[in-house]
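Keeping their order, the protein sequence lines are chains R and X. So that you can map any letter, position 205 of the first sequence is 205 in the numbering used here, and since no number is skipped, the others follow by simple counting. So that you can map any letter, position 233 of the second sequence is 549 in the numbering used here, and since no number is skipped, the others follow by simple counting.
Derived from the structure by calculation, the hints contain no laboratory data. One should not assume that every hint holds.
[Claimed, not checked] One-sided and incomplete, this derived list gives chain R residues near chain X with beta-carbon spacing under 10 Å:
id: 1; residue: L38
id: 2; residue: G76
id: 3; residue: L80
id: 4; residue: K81
id: 5; residue: R82
id: 6; residue: A84
id: 7; residue: F122
id: 8; residue: W149
Backbone N, C-alpha and C define an ideal beta-carbon position, used for all residues, glycine too.
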Amino acid sequence: MAQMAAGKGATMDGQGRRKRRGRGTSLAGQRYLAAVLLLVPAVALRLFTAFYPFVHTFYLALTNYNPAFPPAQFIGFGNLKRMATDAAVTSSIAFTILFVLISTLLELVLGLAVGSLLNKPFKGRGVARAANLIPWAMPMVVCALGFRWMFDGDYGIFPDLIWRVSGLRFPWLINSWGSRAAVIITNVWKSTPFLGLVFLAALQGVPAELYEAARVDGANAWQSFRSVTLPLLLPQATTMGLFMLVWQLASFDLIYTMTGGGPGFATQVLAYNIYQAAFGGLNFGYASAISLALFAVVFVMGGLGLLLYRRVEVMF
Amino acid sequence: MPQIDVVGGEPRRSKGPGARVPRWVSKAMLYLGVLAFLAIILLPFYWILLSSITPKFKMFSIPPRYWPDEITFENYRKMAQTIPFTRYLANSFVFAFGSSVVSVALAFLASYALARVRFRGSNLVFMGFLVSIAVPQVGTLVPLFEMFRIFHLINKPIGLITLMSSLLVPFTVWILVSFVQQVPAEIEEAASIDGARLPQILWHVVVPVVKPALATMTIINFIISWNELLYPLVFATDRLTKTLSVGLVELAVDPSMGAGRPWDLMSALSVTMIIPVLILVLGFQRLIISGLTRGAVKG
């Protein structure tokens with residue numbers, strides 16, 4: 001919407017300027033000056049702290065730079081070759097993608113469920129909607145440590161509850177797949193309410209007559225969800241899915257505080273590898289090379305997501 | 317048309333006896349769903365709170381205790397003695413307040429330019445902001461660290477605030493553009509005919525109208541910065557700049573604590589960290605929801 005409006009503004013401006021040109025271009029000039037002055041602080045900030053570091057990473061990745069032993073030496077593709085045979089990095093690329101895909105999928109499905117639930121009329125709906133904000137507002141560090149404590153094999157509440165129900169004890173954080181599942185569950189718990197909120201807002205914009213019409217046609221709850229809710233929310237769902245996909249590729253806090261990448265390197269993600277290589281091993285060159293791998297994953301996943309997004313946009 | 321629908325609908329409804337469930341069953345299922353939802357949402361918070369007020373010797377019991385039987389604030393007292401709590405609290409506040417105010421101020425100026433000042437390339441700048449969200453924060457740490465070392469910005473609140481506000485700017489621009497677009501242009505035009513210059517129009521005409529939006533984004537950005545770990549972890553290494561999130565992580569990995577983690581101190585610090593954001597969330601629930609859903613629903 002914002003983009004569209006901005007685009008319209010630009011074309012209108014083109015015509016307006018042409019008309020005005022006879023009387024002089026001072027207005028257009030003034031306008032440019034104003035725009036530049038207003039934009040300079042924010043744009044400069046982004047250029048210096050996002051764009052420049054992004055570009056500089058490509059150079060650093062080709063060096064063996066270590067801040068403790070300067071100067072940097074140019075070593076060509078040495079870091080990239082090393083990365084290809086580094087099991088910690090290759091397994092972490094796989095888990096990063098798995099983590100993001102499963103998390104996003106679960107968040108979309110559960111977010112839709114939460115949004116529809118909070119849209120229904122029931123007593124205490126205000127309280128439920130307020131409670132829904134708590135996971136979003138809690139620091140990820142606190143969530144990660146809290147869930148780690150709750151998943152603890154001896155004193156944790158989850159193994160105990162499962163044991164009470166099934167008589168089985170599962171050592172979540174010692175087992176590779178157990179800790180992978182625990183990390184994803186924590187992430188989904190923290191991020192789903194935000195999606196629920198977005199879907200709720202979208203649902204509130206769906207005219208009640210549509211549901212009424214579906215009901216008159218004899219649709220049951222599932223049918224009206226499938227034929228009314230889902231098609232109307234699909235644009236939001238794809239936008240949010242794309243956003244969460246790209247956003248969560250950079251997840252660091254959760255892994256760093258909850259598992260430290262363990263057991264072994266079962267739950268290591270690229271963001272964690274980068275941090276460890278840079279500030280654990282002071283190997284800035286190698287950390288930059290892993291950053292390039294992360295950029296590549298973001299680019300590919302974001303690109304695929306964007307293709308999917310276009311598909312959905314054409315469909316509706 | 318409606319008649320045909322009704323006629324068409326009737327047989328379908330009677331087709332399966334299970335197609336339509338009695339009202340009280342669907343009602344009961346709804347409340348069951350609500351209860352399950354509340355339990356899942358509140359359980360972790362309850363568990364951390366419970367741990368923080370349980371005496372340490374009772375925390376490590378098998379099976380775990382589900383209800384408090386002895387309440388103590390000893391964990392909080394000990395936590396405040398183990399880490400420089402008040403110092404970290406002040407640092408966190410400066411960091412979060414500074415980042416939220418700077419990010420909203422810069423984003424407001426930019427979003428006014430993007431929403432109102434018609435110039436060629438405004439679309440491109442807007443897209444640039446959005447695309448820059450995709451650059452992973454962790455991937456830029458190494459070059460930033462080098463840059464900050466050269467400019468002596470490590471362990472400086474101003475350096476941390478610069479980084480954090482930059483991280484927040486794209487989202488804030490995205491949301492604020494849609495708010496500024498809603499301001500009727502006639503007000504500004506009237507002011508500009510009266511001879512007001514741009515800074516005056518911004519301050520006296522636009523700001524009062526979008527004040528709720530600015531407040532909303534300040535609160536949201538404050539919460540996000542308060543919760544931030546990565547930037548303080550890397551760029552704050554002394555007690556004059558470390559934030560509560562760093563203090564918490566340090567407790568969790570402190571080697572002097574032995575093999576067992578100090579869950580008593582960690583849970584106390586966790587609750588202390590949550591309380592300010594909880595107050596903001598419950599106090600400004602409506603504003604926060606409007607801000608968070610703005611970009612997604614309108615975009």
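Do the hints match the structure? See the list:
no., hint, in the structure
1, L38, "holds (4 Å)"
2, G76, "violated (18 Å)"
3, L80, "violated (15 Å)"
4, K81, "violated (19 Å)"
5, R82, "violated (16 Å)"
6, A84, "violated (19 Å)"
7, F122, "holds (6 Å)"
8, W149, "holds (6 Å)"
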